[in-house]
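With the sequences and hints as input, model every part of the structure.
Residue numbers (numbering that gives the first Met the number 0), protein chains in the order written: chain R, 0 to 131; chain H, 0 to 964.
Rather than coming from a laboratory, the hints here were simulated on the basis of the structure. It is possible that some hints are incorrect.
Pair by pair, the computed Cβ-Cβ distance ranges are [as the list claims (entries may be wrong)]:
1) H:K803 - R:G116: 47 to 53 angstroms
2) H:E806 - R:G116: 50 to 56 angstroms
3) R:V52 - H:A828: 48 to 54 angstroms
The beta carbon of each residue, even a glycine, is placed where N, CA and C say it ideally should be.
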Amino acid sequence: MSLDSGPLKIELSEFSIKHPDTRLSMAETSSPPGIVIKVDGALDTQNSGDFQVVLAGALEIAKEYGALVLDLSRLNYISSTGVGTLTNILVESRRHQLPFFLCAISVQARSILDVLGFTSFFPLIDECGEAP
Amino acid sequence: MRRTKGETIPLRRRRGGSLSLRVALTAASIIILCNAATIVVQYRGFPLLGYRGRSAVTRGNAIARIEASAETKRGQIGEWFAMQIDEAKTIAGAVPNIVPPDPLVLAARAGWDRSSRAKALRLGSELSTILRNKEDLAAVRVVDGITGRIIADTGEPPFGKADDASWIGPSANVRIDEEGRCVVGYPFKSPDGAALALLLYVRLDHLFAQIRADKMDGILGLDLAFLGADSRVITSSDAARFPPGALPLPLHELETLEGGKILEVADSRGEKLLAGMLDTKSPGLADFKLFISAKVSTVEKAILADRRAALAVVIAATLAGLLLVWLSMHRLFRPLVQLERSLTAFAGGSSPPPMPRNARGDIAMLADAMDGMMGKVRDWRRELEAEVAARTEELRVRSAAALLFAHQAEDEPLYGELIGLISRATGADLGVLAWISEGSGRAFMSASGPPVELGGGAVAALRESAKSQGNRFAALGLDFPDHVGRRIELSGYAEIIVVICGGEGSFAEAEIAFLDRLLGELFPLMRSRSERRRQEGIRIEAERELRHSEERLRTFFEESRDMIYTANADDVVASMNSAGLGLLGYRDRFEVVGRPFSSFVLNHEDRAHFLDKMRNQGFVSDYEIILKTADGRNVFCIETAQAVKDRNGGILEIQGIIKDISERIEAERELWKTNMELAEANARLRETQMIMVQQEKLASIGQLAAGVAHEINNPLGFLKSNHGMLARYFATVRSAWEEAASADPAALESIAQRADLEYVFREIGSIFAESDEGFRRIMEIVGNLKSFARTEAEAAVAPYDLNKGIESTLAVARNEVKYVAEVELDPAALPQIEAAGGEINQVLLNLLVNAAQAIAERKRGSLGRIKVETGTAGDRVYCVISDDGPGIPPELRLKIFDPFFTTKEPGKGTGLGLSISYDIVANKHKGRLTVDDAPGGGARFRFELPVRHPGSESTAQGSASPKDP
Chain R
0 MSLDSGPLKI
10 ELSEFSIKHP
20 DTRLSMAETS
30 SPPGIVIKVD
40 GALDTQNSGD
50 FQVVLAGALE
60 IAKEYGALVL
70 DLSRLNYISS
80 TGVGTLTNIL
90 VESRRHQLPF
100 FLCAISVQAR
110 SILDVLGFTS
120 FFPLIDECGE
130 AP
Chain H
0 MRRTKGETIP
10 LRRRRGGSLS
20 LRVALTAASI
30 IILCNAATIV
40 VQYRGFPLLG
50 YRGRSAVTRG
60 NAIARIEASA
70 ETKRGQIGEW
80 FAMQIDEAKT
90 IAGAVPNIVP
100 PDPLVLAARA
110 GWDRSSRAKA
120 LRLGSELSTI
130 LRNKEDLAAV
140 RVVDGITGRI
150 IADTGEPPFG
160 KADDASWIGP
170 SANVRIDEEG
180 RCVVGYPFKS
190 PDGAALALLL
200 YVRLDHLFAQ
210 IRADKMDGIL
220 GLDLAFLGAD
230 SRVITSSDAA
240 RFPPGALPLP
250 LHELETLEGG
260 KILEVADSRG
270 EKLLAGMLDT
280 KSPGLADFKL
290 FISAKVSTVE
300 KAILADRRAA
310 LAVVIAATLA
320 GLLLVWLSMH
330 RLFRPLVQLE
340 RSLTAFAGGS
350 SPPPMPRNAR
360 GDIAMLADAM
370 DGMMGKVRDW
380 RRELEAEVAA
390 RTEELRVRSA
400 AALLFAHQAE
410 DEPLYGELIG
420 LISRATGADL
430 GVLAWISEGS
440 GRAFMSASGP
450 PVELGGGAVA
460 ALRESAKSQG
470 NRFAALGLDF
480 PDHVGRRIEL
490 SGYAEIIVVI
500 CGGEGSFAEA
510 EIAFLDRLLG
520 ELFPLMRSRS
530 ERRRQEGIRI
540 EAERELRHSE
550 ERLRTFFEES
560 RDMIYTANAD
570 DVVASMNSAG
580 LGLLGYRDRF
590 EVVGRPFSSF
600 VLNHEDRAHF
610 LDKMRNQGFV
620 SDYEIILKTA
630 DGRNVFCIET
640 AQAVKDRNGG
650 ILEIQGIIKD
660 ISERIEAERE
670 LWKTNMELAE
680 ANARLRETQM
690 IMVQQEKLAS
700 IGQLAAGVAH
710 EINNPLGFLK
720 SNHGMLARYF
730 ATVRSAWEEA
740 ASADPAALES
750 IAQRADLEYV
760 FREIGSIFAE
770 SDEGFRRIME
780 IVGNLKSFAR
790 TEAEAAVAPY
800 DLNKGIESTL
810 AVARNEVKYV
820 AEVELDPAAL
830 PQIEAAGGEI
840 NQVLLNLLVN
850 AAQAIAERKR
860 GSLGRIKVET
870 GTAGDRVYCV
880 ISDDGPGIPP
890 ELRLKIFDPF
900 FTTKEPGKGT
910 GLGLSISYDI
920 VANKHKGRLT
930 VDDAPGGGAR
940 FRFELPVRHP
950 GSESTAQGSA
960 SPKDP
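Quick look at the structure:
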């Protein structure tokens, strides 16, 4: 199924409309092979619930592509609820035996994970190459 | 300019100077006017004195006047004759309409018959009818234009008569005939083109009469004469002096007038004339002249008369002017001068002299009016002075009252003194004032002494009286015959009641009016004071409420268990409650006030994000933030804040409440951590489970294989032994037969042919060979089963070089491989490992043979490709064998390592190779064997072996599931 025309694209658009301060975009990656969801904005109490729903759908789609990557390079704020969302997705990915990575995590998000002691749980990568 | 009594008021002198000067100017003006009138009269004339003005005759204008008259007459003559020509034209045009003239022309030429006669007579009759309406015409005649024969006449019948029409020419003209008649000749044509002429006999006397009557200058006594071509008189205005047929002047005198100028000549009697002879300038009248003359004596008389008249006018004008001046002086200016003196004296304050009595008319009226006015002014002055005195006193009282309001801060003395002031000003024996505000009030009374305050009952009584009786306060119980009261409502909640009392008739209208005016003036002051008192009360109450509210807010601020803070627009802390200080670990408020709030935040970016939200939406709700305490701890908090903004939307202040949620975060953190650990454990558990299942499977199958091998091995042993014995026995039998056949070939030959022994012996050999092969295969299978089921202890572990093992295995598998694929080696430098070399080689052999067989299944025309590469991965070495065969479908990858699973045709494989390989790698060496798709298609097998044989390190973590990619 094409990423540009699938239900995940619709979910991303709906999320962006509902939470205009945080924009989500997706692409196919080559290293690691899979799909990447790029988060531009904040993950806070108000939008973490909807974000988790989007990631659950991305998880299903990523099974066909290989891995699920979250690009957090433009994440400027994450609350504890947002961290909870990431942990939930990590647990789900383990359950589905789907590789899950956090890519280019921002300094702010990294500090939150460090403070919470969760950095070691998440596989971190510095960059993910988008598929041509 | 302030004036004091008795001071004179100088009269302002207006422009124009004194009255005498004005009188002199007036006189001069009158004289100038008279002279101007004289000039006008000289121009326009004065008929009463017979003065003709500009029309007066002088020596200089006499000749011009005669010339003008002549020119006028000349024009009149021309017009008159033009009119006659038009008349002729009209009559000529009417002729054909009366009678066609052509037959008459013929008749006149050829002879008249009865018809033509009748027509001619009729024409003549009609012309006579026309003639009756024309006073200027004496007769009309129509003639043949060529022969001159008369065809119609208003006089005698025309038959056979002729007239001379040759003088007419192509256009009308005029002549005097032999009989002295003036004839206007008009040529015309009949409708048939016959040349005709109309002769009009005009009356010159009519012409002359018109000329004489119209625009004749009677002053100069002009005479006119109409002269013929011979200069003799045809007709004239004075037949006695200028008889018809005579020359108007002696010929030598006439000759001087040929130029048309007016000259002085003498007539035949020697009388001097101013005369002139002019042509008529009329077409057709070239032979006629106009003679105009005036007697010199007549002209001179006219001149003299005009001069006398002019002189009379001047004299009359001068006399009139002098009369006017005298009248003005006597009747107008003298009384005015007297009047001015009287007014000046009056203005000066002295007794004015009496008004002029010799004045008449309006001046007298003015004088009488001035007398009356001055009397009234004296009366008004007295009244005004009395009024001023009263007003002054009143003003003093009002000023004193206003000063009371200005200087007296307290109401009690104010209203007490006020009623005293009012009582004195109105002459009251007693005055009462009640001042009531919002239901309660006080009353003061003033009599002869200082004001005293009345009891509360007086206020109630006054209010009751005011409500029930309006301004009547008789029920007060005050024993005074006369009283005046006023109730002044200052606002909806304040009022003042004033009552003044006195003897009978104490209060006239003036006093009452004064009281009303005074109260009216004081009303704004009273109302303002009352309102001010009320506002002050409200303010005091509001301040009290504000203090109470501030106290409540301060308690809320300080006693809150959560941090409450305020910051300015730059996010600098302005205030913080005790809970906030405690949360941050500070004791003194000054340690936090004045510092940026971001200095207490772990991540400045979080605070920047917070401030962005504040600017955009004005508030932030449930915003998580990590604060740093003074001692370096991180505290998880949640904040709700709002921005106070100015009119332009700029932030003035940030007000926030921050709650410590560290406990909740810690609980959540533990929960998440537990979930992730559980997920990890589940993943490992699943993997372990799969390995254990596989191992269990293998173990079960291994046991089965061992049992089967064991059961088959024994019977297989004695079968093979018997088969060998049988083969040897058969060989003995054949040898004996061949020996017997050589002894008696003839006898055995037939038996051999009958039994086809040659074929039998050949087939028996094949059978023994195939049996040998079968036995070999059965033993191989049994050997595999044994291998599959044998224990670890059967394989010896020794240092093993994987790359060399690959080379030796390739040599063994060369026959299987070389016809189907090319082998590419990519070995890396590997350390020696501890392994059962033979078993590892077995694995290599199995994988290589499988790859070659997979490539061979595709049956393509070219060789396939098998790539073998090695490398290290941490403490392991790995080998990857990939081919470009059909590959292994994903759904089969889970099964290929199961014992007896094969995709080959029955008999082509036992399905044990990969399961044995898996057992060797994963179980016996604690490595990993996996399969996936090779790049470019085909299958790719990879196995890893630890450098150091685990030996006693029997742990499941080293074994990877066959399903791992």
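Hints, one by one, checked against the model:
1. H:K803 - R:G116: 47 to 53 angstroms: holds, 49 angstroms
2. H:E806 - R:G116: 50 to 56 angstroms: holds, 51 angstroms
3. R:V52 - H:A828: 48 to 54 angstroms: holds, 51 angstroms
In terms of the numbered hints stated before, the structure departs from none.
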